[in-house]
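*Asks:* Respectively, the protein sequence lines represent chains A and B. Okay, so the first sequence: first residue is 831 according to the numbering used here, each after it adds one. Okay, so the second sequence: first residue is 830 according to the numbering used here, each after it adds one.
Hints were generated in silico from the structure; no laboratory data involved. Hints may be right or wrong, so weigh each one.
Claimed, not checked - Listed below are the simulated SDA-like cross-link pairs for lysine to any residue, each with C-alpha atoms no more than 25 angstroms apart in a straight line:
| id | chain 1 | residue 1 | chain 2 | residue 2 |
| --- | --- | --- | --- | --- |
| 1 | A | LYS884 | B | VAL907 |
| 2 | B | LYS1215 | A | LYS892 |
| 3 | B | LYS1055 | A | LEU896 |
| 4 | A | LYS884 | B | GLY928 |
| 5 | A | LYS884 | B | GLY955 |
| 6 | B | LYS1215 | A | ASN1010 |
| 7 | A | LYS892 | B | VAL907 |
| 8 | B | LYS1039 | A | LEU896 |
| 9 | A | LYS884 | B | ASP868 |
| 10 | B | LYS995 | B | PRO1062 |
| 11 | B | LYS1081 | A | LEU1020 |
| 12 | A | LYS884 | B | GLU1232 |
| 13 | B | LYS888 | B | ASP868 |
Stated by the list, open to error - Stretches of chain A that chain B covers, calculated by requiring three or more beta carbons in the stretch to come under 8 angstroms of a beta carbon on chain B:
| id | segment |
| --- | --- |
| 14 | 913–921 |
| 15 | 936–945 |
| 16 | 989–1002 |
| 17 | 1029–1040 |
| 18 | 1075–1082 |
| 19 | 1115–1124 |
| 20 | 1152–1165 |
Bear in mind that the values here come from a model prediction, so they are computed numbers and not experimental data. Ideal Cβ placement from N, Cα and C applies to all residues, glycine included.
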Amino acid sequence: MKHRTFFWFILPSALAMLLFIALPVVSVAIQSLYIEHSKVMVTVESCGPFGCTKDTHVDAEKTLELQRAEPLGRFNGLGTYFNRSHLAVAEIGTILANNTGLSDVAGRIYALPLYRALAFTLAYCFLVTPLAMLLGFLIALGVNGLPHLIKGPAIFISLLPMIITPLVGSLIIYWMIDSNGIIGANLQALFHDPNLYLKASPVLTWVVLILYGIWTNAPFSFVVFYAGLQMVPQDTLESAMVDGASRWERIRFVVIPSIAPLATFVALVQLMDNFRVFEPIVGFNAEANASSLSSAIFEDLHGQNAQLFGSAAATSVLTIIGVVILLTPVLIRTWREFSRKAV
Amino acid sequence: MKHLLGASVSLAVLTLLGGTALAADCGIASGSVRILSNDFDVLKVVADGAKECANDKVKVTANLSSQHKDLQVPALTVNPAEYTVAVVANNSIAPLLNGDLVRPLDDLIAKYGQDLQPNQLIKVDGKTVAIAFDANSQHLFYRKDILDKAGVQPPKSYEDVLAAAKAIKDKGILEYPLAAADKPGWDLGAEFVNLYLGSGGDFFEPGSAKLAINNDNGVKTLQMMKDLSQYMPPDYLTYDANEMKAAYLAGKVAMMDGWGSYAGSVIGPDSPSKDVAAQTVLAAAPTFNGGSTASASLWWDGFAIAKNISDEDATASFQAMMHAIRPEVATQHPDVAPWLIKGFQPGPAAVGVIATANGNAKPYPMLPYMGLLHTALSNEIGDFLKGSKDAKKTLDDINAAYEASAKEGGFLN
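Construct all of the structure, not just a fragment, from the sequences and the given hints.
*Replies:* This is the structure in structure tokens:
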């Protein structure tokens, strides 16, 4: 393709990407450097059905004047990034300088909101991604081996977890694992433990969330791997059979190598997706035991009264940086393969 | 199939049209009334009342959504505002006042507010900024049959609640006699606020946004929350107010700190569980820490009129809302809420809220930075209840979390 043709071909999507992806990211990054103006406060009497009190209120006029003069707010540099709700530099300094051992350090750092969110996000990411890929691959192998007649329905059923809206899916399972739900009640009966509540302990909550993640993410891997299986060279497979290779050996030495590039692609997409885990935490009412970077952003924007835009923006930028760090190894690998082929 | 679909669509349209209330004469010349409101029973009654004013010259629409707090500030900031009426409560009016988004109502009250009572007016610095129409609070719901069986008196204080719960558990009547809305998010913070108000402490240093809960009362409040939680099912941290109500209606709870706004649906004629309804007693929120005030925050629901709208629309909106909260509404719907409207005779469902108000419970603070504290409470108390932090450390953490967000919000330097 000529450069000129290529330019006109790519222009619409490049423009859309610039407008809807690049610009918002820049604006979020700028927003994260600002905090709100100091509010001008006044003490006035306020009255209601339950009596009168002297309260502090915001002097709206004077505060709005400040806001009109500088709509972005006060410049705070990287202050928001380093405060307790984010990287908590000062708090970590104190913890490291003054502690009673490694578990004390870990416990106290885990109590800081960003690190708690990061802990669950990373655990979710690194457990769900490989396990969902493995499960998806196994389903793909299974479905591929089915007779033609039931393949269609089998594919449809395997895709169900992906078709169901994540929030709805997590709510349904949440009700099932409730101590009155079908799974929760049966587990209690099975283990003879009336105090077994899947929703109660942090560990069990994490297990449930991760199992849910695997359940809902497996279909994506399944679809891609299933498509890949259709392109595995039949003659190689047949010659392997002639050579007396078992089913396992055929999978290990023919199927896996030929769909390995797909695995890189799936891992890339899934890592990105899982790093932004959000719906299950809401659906499972798991806020007490798990939080993620996305749920932290949601909370800042969904506060009781005030929306903390700077704080949400800072967490968003940190999330983007996190995704970049996560993807770097995979990207480097792809780049190497690409340049090796080019030579 | 296509015909069937068409038929059902037109049927749905017909029901929608038929569902709109009959036009009433509200004395409005012309204008547009657009209501933004939270979504629960009493607010539905009010919104439906305002809709009765619709005719060919007056347009009335209402958006009832539990996400109204997220919508109201941007929707009222634009000019002309997206909504003319914002239905608010003690806490949700603060951001509207901060942004100077609602208009003083004194002129409109002088012209059209004959039916209002003085205690319905929400005044800040002498100007009326909102009109309250009902009161709400959390208060005690208890099961008379279970308490009788356990041989305990109805609890007056939280210390009594603990003793009664212990008796019920020890007698093997219920494994987990208590329930509370302890889900981190809005509910958990509200539980702390209720108890702390009952302990008699102040949340902030007078005249400033500096937090003042890091004291003995704070520690005692946290300790009481933990003591209560040992009589709740192990997954109590996932219960919000509605799930708590469901567990209560299922007969699994002997005592709970429920909301007055759903008392009518628990004990009323449509209650899903007649047995529970018959045995339920509504009482004032218990006292705490030897205090004499009921440990609950009092709430009002009311409405404010947007600033960025034409005077015509403002007048129309005010008149429509006056129609929606006219005295007959309280007589026709005595059980949906403890109305503040003139001539209201409290029904059986309002007993708890009225007892709580008579118990000198304090209103939920209408302070501009209270929301930030509420969020910090909700986020930090969970770890304490799970036992991974002690009370002192939790209060330190609440302080630190609040300070970080208050600095960002411009309330602290």
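*Asks:* Run every hint past the structure and note whether it holds.
*Replies:* Each hint, compared with the structure:
At most 25 angstroms may separate the alpha-carbon atoms for a hinted pair to count; A/LYS884 and B/VAL907 exceed this at roughly 31 angstroms. Straight-line distance between C-alpha atoms of B/LYS1215 and A/LYS892 comes to about 44 angstroms, which puts the hinted pair past the 25 angstroms bound. Taken as a hint, the B/LYS1055 and A/LEU896 pair is broken in the structure, with Cα atoms around 44 angstroms apart against an allowance of 25 angstroms. Taken as a hint, the A/LYS884 and B/GLY928 pair is honoured in the structure, with Cα atoms around 20 angstroms apart against an allowance of 25 angstroms.
Distance check on the hinted pair: A/LYS884 and B/GLY955 sit about 12 angstroms apart at the alpha-carbon level, within 25 angstroms; holds. Restraint check for B/LYS1215 and A/ASN1010: satisfied, since their Cα atoms lie roughly 22 angstroms apart, inside the 25 angstroms limit. The hinted pair formed by A/LYS892 and B/VAL907 meets the criterion: a straight-line CA distance of about 19 angstroms does not exceed 25 angstroms. Taking the CA atoms of B/LYS1039 and A/LEU896, the gap is about 22 angstroms. The hint holds against a cut of 25 angstroms.
In summary, the hint linking A/LYS884 to B/ASP868 is not supported, as the alpha carbons are separated by about 31 angstroms, beyond the 25 angstroms threshold. Annotation: proposed proximity of B/LYS995 to B/PRO1062 holds, straight-line Cα distance about 14 angstroms (limit 25 angstroms). Annotation: proposed proximity of B/LYS1081 to A/LEU1020 holds, straight-line Cα distance about 22 angstroms (limit 25 angstroms). For the proposed pair A/LYS884 and B/GLU1232, the alpha carbon gap of about 23 angstroms is at most 25 angstroms, so the pair holds.
Under the criterion of a C-alpha separation no larger than 25 angstroms, the hint pairing B/LYS888 with B/ASP868 is consistent with the structure, at around 21 angstroms. Here the segment 913–921 of chain A counts 4 residues with a CB under 8 angstroms from a CB of chain B, which clears the bar of 3, and the coverage holds. Closer than 8 angstroms: that is the beta-carbon criterion, and the segment 936–945 of chain A has 3 residues meeting it against chain B, so the requirement of 3 holds. For the segment 989–1002 of chain A, the assignment as covered by chain B is violated, since 0 residues bring a beta-carbon within under 8 angstroms of that chain's beta-carbons and 3 are needed.
For the segment 1029–1040 of chain A, the proposed coverage by chain B is satisfied: 4 residues have a C-beta within less than 8 angstroms of a C-beta in that chain, meeting the threshold of three. Counting residues of the segment 1075–1082 of chain A whose beta carbon lies closer than 8 angstroms to any beta carbon of chain B gives 0, which falls short of the minimum of three for the stated coverage. Under the rule that three or more residues need a Cβ within less than 8 angstroms of chain B, the assignment of the segment 1115–1124 of chain A holds, with 5 such residues. A count of 0 residues in the segment 1152–1165 of chain A with a Cβ less than 8 angstroms from any Cβ of chain B is obtained; the coverage claim is therefore unmet, three being the minimum.
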